[in-house]
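Listed below, chain by chain, are the residues.
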Amino acid sequence: MLTVSGLTKSYRSGQDSVAVLRGVDFVLAAGESVALTGESGSGKSTLLHLIAGLDQPDGGDIVYGDVTISRLADAARAAFRRDRLGLVFQQFNLIPSLTVADNLSFQSRLAGRHDAQWHAELIERLGLGALQKRYPEQLSGGQQQRVAIGRALAVKPVLLLADEPTGNLDEATADDVLALANDLVRRTGCGFLMVTHSERLAAMLDRRVHLHAGLIH
Amino acid sequence: MSRALWILAVLLSHWRRHPLQFATLLIGLISATALWSGVQALNAQARSSYDRAAATLGGARTATLVSPNGDHFPQQLFVDLRRAGWPVSPVVEGQVRIGGRTLRLTGIEPLSLPVEASAAPAIGTANLQGFILPPGQTLLSPDTLAALNLAEGATPQISSGGRLPPLKPQAEIAPGVLVVDIGFAQQLLGLQDQVSRLLIGSKAAASRPPLREVVGDQLKQVEPDTETDLERLTDSFHLNLTAFGLLSFLVGLFIVNSAIGLAFEQRRPMLRTLRACGASARLLNSVMVIELTLIALVAGLIGLVCGYFIAATLLPDVAASLRGLYGAQIPGELSLKPQWWLAGIAISILGALAAASASLIKAARMPVLAAAQAFAWQQAQQRWLLIQGSVALLVFTAAAGFLLLGDSLLSGFAVLAAILLGAALGLPAVLGLALALGERGATRPLMKWFWADNRLQLSGLSLALMALLLALGVNVGVGTMVESFSRTFVRWLDGRLTAEVYLNAASDAQAGEIKAWLQHRPEVTALLPGARAEVKLDNWPAEIIGFADDPTYRDNWPLLEQSRDVWDSVARGDGALISEQLSRRMKLTLGDRISVPTGNGPWPLTVAAIYADYGNPRGQIGVAYAALIARFPEVAQTRFGLRVDPAKVPALVDDLRTTFKLDNRSLADQATLKTESKRIFNRTFAVTAALNAFTLGIAGVALLTSLLTLGNSRLPQVAPLWAIGITRRKLAFIELMKTLSMAALTALLALPLGLLVAWCLIAVVNVKAFGWRLPFEVFPWELLKLLGVALLASLIAAALPILKLVRMQPARLVKVFADER
Amino acid sequence: MSASNPISRRAFAGGLLALGLGGPRALAQGFAGLGSDAGHFAPVVPGRVLTFPADHGPHPDFRIEWWYLTANLKDADGKAYGVQWTLFRQAMTPGPQRDGWANQQIWMAHAALTSAETHRYAEKFSRGGIGQAGVTAAPFRAVIDDWAMQGTDTMNVSTLSPLDVTASGADFGYRLRLTAERPLVLQGDAGYSRKSERGQASYYYSQPYFAAHGALTIDGRPIEVSGTAWMDREFSSQPLASDQTGWDWFSLHLSSGEKVMLFRLRQSDGKAYFAGNWIGLDGRSEQLAPDAIALDPIGFTETAGRKLPTRWRVRVPGHGLSIDTTPLNPNSWMGTSFPYWEGPISFGGSQTCNGYLEMTGY
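Residue numbers (the UniProt record's numbering), protein chains in the order written: chain L, 1 to 217; chain P, 1 to 821; chain G, 1 to 362.
It is worth saying that the hints were derived from the structure and are not from the lab.
Treat the hints loosely; a few may be bogus.
Pairwise CB distance ranges (calculated) [stated by the list, open to error]:
hint, chain 1, residue 1, chain 2, residue 2, range
1, L, Gln15, P, Arg383, 19 to 25 Å
2, L, Ala203, P, Arg383, 47 to 53 Å
3, P, Gln192, G, Ile298, 58 to 64 Å
4, P, Val391, L, Ala19, 37 to 43 Å
Using 20 Å as the maximum straight-line C-alpha spacing, the simulated EDC-like pairs for lysine to aspartate or glutamate come out as follows [as the list claims (entries may be wrong)]:
hint, chain 1, residue 1, chain 2, residue 2
5, G, Lys74, G, Glu117
6, P, Lys362, L, Asp55
7, P, Lys648, P, Glu782
8, P, Lys362, L, Glu32
9, L, Lys156, L, Glu39
10, G, Lys74, G, Asp219
11, P, Lys804, L, Glu137
12, L, Lys133, L, Asp102
13, P, Lys515, P, Asp655
Negatives, chain L to chain P, calculated, CB over 10 Å [unchecked claim]:
hint, residue
14, Asp16
15, Val27
16, Ser97
17, Glu171
18, Ala172
19, Gly189
20, His212
21, His217
What you are looking at is a predicted structure, and each value in this text was computed from that prediction instead of being measured.
The C-beta atom is built at its ideal place from N, Cα and C for all residues, glycine as well.
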């Protein structure tokens, strides 16, 4: 479903050009959950951002089914993201001025595919029923991340992308949140790619790939 | 579409969570729109009444035919011209008095009246038959009707004995004018079969024979003025108003800019999330523009309503000073055209977009992925201060350029604007420098933090401080100018109004009677006849005043420059005193020759002295009374100044009043005249002062709102200090000190700026606008007062955020550590 | 002006009403008032003998009056033109004539020059009493500003010939000499022309036999022309009934040499009052009975936002006349203060030749 081939990306740092990705090849089958691990600075987040279409690679292709998003223009990539991908970040990235309920339905409404039934189910499964009218600043970190996962899944994406989603959470909460995410991912049948540096969490997913020196091992 | 609406809803949710910030934005837009459109309303009101006055009074908008000597001429010439194919329409005009009030009676012929000459479309079309058939109608403005204290339909008697046709109010008529059919006007004015002038319609006609062929040299053609006299004279006044409106508008936009800038910074993560969730950059930016436009629309409407009230409040003052200064009649009722509303909304939207442009561009260029940039902030600020400082220097250079090269009122204002803009732009750099110096000098850690954190806050506060600087600078400048003016004016009045009693008889005959009567009043030590004639010099209205050769003038008249035998040469009839305005306009200096047009050819005069004539829009020439009468035999010889034993003035005035039935307009003692003149001049600057106060108020609001919006974002800076053991109370005190020190620094900088502005107003703008220059004086006490006001304003502005900090729950401070970052 | 507003023939009163005697509502009232007020003006009664030159001059005792000339002209190349010159007089109030500006007469004039391509027109207004406009009977002279229609030194009062006519507007001008050998023709019943079944009427005479020659000026270019002209004189105090909404009027120069004047006064109830005169070769004027005339629109033109019947079938069966008329320029719209349609026509059928059509109240 997702095929990444020969992906390269480098960043300019002063006079020097630092190659972050040096030809990454990577495949993610439909419904598969994969943990992407690596040391700090190995390029995990860069790879995730490229796969999410947030940035453009220098070379190589990212292909979803029949769509090569690495060749799309900014607006088309935005539309693809909106309709087909779910994103979860370490900093939750909720919209502070919207309530929990509105944050949750935010992307699905933007995509024009809000499904009230699925929305209600997500609320229930994420245990947010009592918090719907609250604003993000009134939630704990674990609660916020659950809202973020709900927002990403509300659009019924083909792939859920998460960048250290539990990095700001304590161990117990992190396990809870990830278990919940995993469960929901299975239920929706979408793929799941999670960047993490935790071996423990990585073990909770189907497969694990390791990024080192800009290459997948 | 629904996608855009959803994004709009998300964007707007920000304001719901930050109502104060939203209020700031609205206040900025509302005050900008209100002051600007208020001033526009005043100007438009005045201009439209000049237009009306011009159209019904002087026909200055239309080409006319008049007799070369300005006299009335036979109606047959009108018939002859019509029969020759000239599309002319006759007008007869004269003064009539009703109950002591002098009004202009204009007789028109509605059938031939050119459409473009009739400011009042109602004349001649609403009810032709009623207008021309007996008893006819007298059209007049509702204001005039009210001033005459008469009801619609009344037929008041005029001084010459006739009765006016029934009065009919009509809003389009200029105040002070009575419009009747030409037939009635000829009768009432005793000008049977006579015409004052002919209006030439612009309607294309077939070829017409040359004027000379039809009427010989009995008539001459006068081309329409592009500007009426009133417009020409009042231009500077309106430019002044406009400049203040513009200044207030800009200060308002400063607020808008800072509010939007802050909102943008706060919404930056939200925008990123929106983009990450798949809202395209283009859609997001368009929706942001729409959001701003909607807000501007709402604020613009509210601003227009406020502007209307501002204009309505100031109108009496404006009308009074226009009447006092220029004799221009402005109706007291505000009437606004639809264009005014549209322009107000447009300026609100354009202003909002302009103020937001920086933020909008930033948003458009913002990458989806947040760059690690917490550190770059400081560098960016340094670079920004450097750039802004350089721009400020450039603008100052431009100011100098305008000053050296410009020669118009507009360039005067350009100098002023450039100085203000340069100062505002340069302020953050100067403050940054001052704070850096303070930081270097500080040794105790808390003091070090005090200065450093102040610097960090600088970019957030700089716009508010810039607004404060501008408002204070202008206040200092205008205050100094007004104060200089009023002192100079009082001294000058003392020199000019030396006779104890001034009177103006109703006719030459009455003047004779009064003179004879005064012979028997021993308390009258001198009788000083005066006369005035009106001429045009270089197409500019000027008056010639004739005065007697008397020690009253020789000893008291304050002259700016004079030749050695000034009074003797004037007494001989070949020397003239000219007003400062005239000398500047016509670039005349002592010894220059001027040629005054008279009915009997030019009158050569030598400039013997130049005197100040504050507040007179017309140029003025002072000549010997006898010489004036000889050159202008037709002028009324009805004016006198009387030298009287001051103790006996009231009794004499009473006797004169009862004996000759003179009213307040024709008889005044020196004290009354002085009070009246000062009153008029105070009103002239009343509007300026009011707008000034508004501007200062807005600057205060800007400071308040900036501090309020900064308050929340300052938590992360304050929380660590609290954590290491500084009480909230102490923190609050430090915060207050920071604000006050910034405001005080700004206010101190505003003082030299204000003096520069004052100098600019006095030495550049006033000279160009009014034609006279005041001595420049500094009033330290006033400056101190203003400094106090500025500190007080910032104290009030800082109080609310500080109180919030003192009362803040420790939990909120703790939260900073719990979940920020 | 809506079609429901009653108007007088030749638009005069309407013109003034549009100028200032009131809006459309007052127009209707004004006309009702005009009817009731007629008592103070001189009445139009049968049997008044028209005398010349006195009746060439103004009749200030009557409310309304006009001097109306239309001409069908051709240039050297045979290109057709039409010319109109009209002077109207209306008294605002009855009673003795006052001098100077107090005079109660108002004068209005229309001039037009029509070709197949263009229709140019101009209008003028003037107060009476001061010499800007007016008419004298002997010597005959009708003027307003620089427009004039005046007899030459040798004018014959019974033929009203020769006359010099001149007028100009911003984009046109003309100067014509009119001559006629035959005497004036009395319209209606010996000059008493009935306008309704309820007695509204006018005094009406014509000179339909004018030969015209002179020069037109179009866009500064002079054009020599000649042709025929028709002059109408009419005065009345109460020319229209209050329910009459408009007027279709024809003056026809027949190829036989006969002349015909026909009109139809439309009523608000959809009916119409017909009248006309047949002027034989001998110059005798025969009043036509209302049912002896048939005027039927056969073609329409949209002009100035209105639909106007610019083509007509005209029949006078008693004289064997059946013709279809065609306008020289279907857009002969007089966009004057009171607007109407007036222009030259030609026709074919039992007779050929040309004439003028006027339509008001559309």
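Outcome of the hint check:
1. L:Gln15 - P:Arg383: 19 to 25 Å: holds (20 Å)
2. L:Ala203 - P:Arg383: 47 to 53 Å: holds (48 Å)
3. P:Gln192 - G:Ile298: 58 to 64 Å: For G:Ile298 against P:Gln192, whose Cβ atoms are near 59 Å apart, the range 58 to 64 Å holds.
4. P:Val391 - L:Ala19: 37 to 43 Å: holds (41 Å)
5. G:Lys74 - G:Glu117: Holds, at roughly 14 Å.
6. P:Lys362 - L:Asp55: holds (18 Å)
7. P:Lys648 - P:Glu782: Violated. P:Lys648 to P:Glu782 sits at ~40 Å, over the 20 Å cutoff.
8. P:Lys362 - L:Glu32: Between P:Lys362 and L:Glu32 the Cα gap is close to 39 Å, so the pair fails against 20 Å, i.e. violated.
9. L:Lys156 - L:Glu39: violated (31 Å)
10. G:Lys74 - G:Asp219: holds (18 Å)
11. P:Lys804 - L:Glu137: holds (19 Å)
12. L:Lys133 - L:Asp102: The given pair, whose Cα atoms are some 9 Å apart, holds under the 20 Å limit.
13. P:Lys515 - P:Asp655: Distance ~14 Å between P:Lys515 and P:Asp655 Cα, so the pair holds.
14. Asp16: holds (17 Å)
15. Val27: holds (24 Å)
16. Ser97: violated (4 Å)
17. Glu171: Nearest chain P Cβ is 17 Å from L:Glu171, so the label holds.
18. Ala172: holds (17 Å)
19. Gly189: Non-interface label on L:Gly189 holds, nearest chain P Cβ at 21 Å vs cutoff 10 Å.
20. His212: Correct as stated: the minimum Cβ-Cβ distance to chain P is 22 Å, above 10 Å.
21. His217: It holds; L:His217 is separated from chain P by about 25 Å at its closest Cβ, greater than 10 Å.
Against the hints set out earlier in the document, violations occur for numbers 7, 8, 9, 16.
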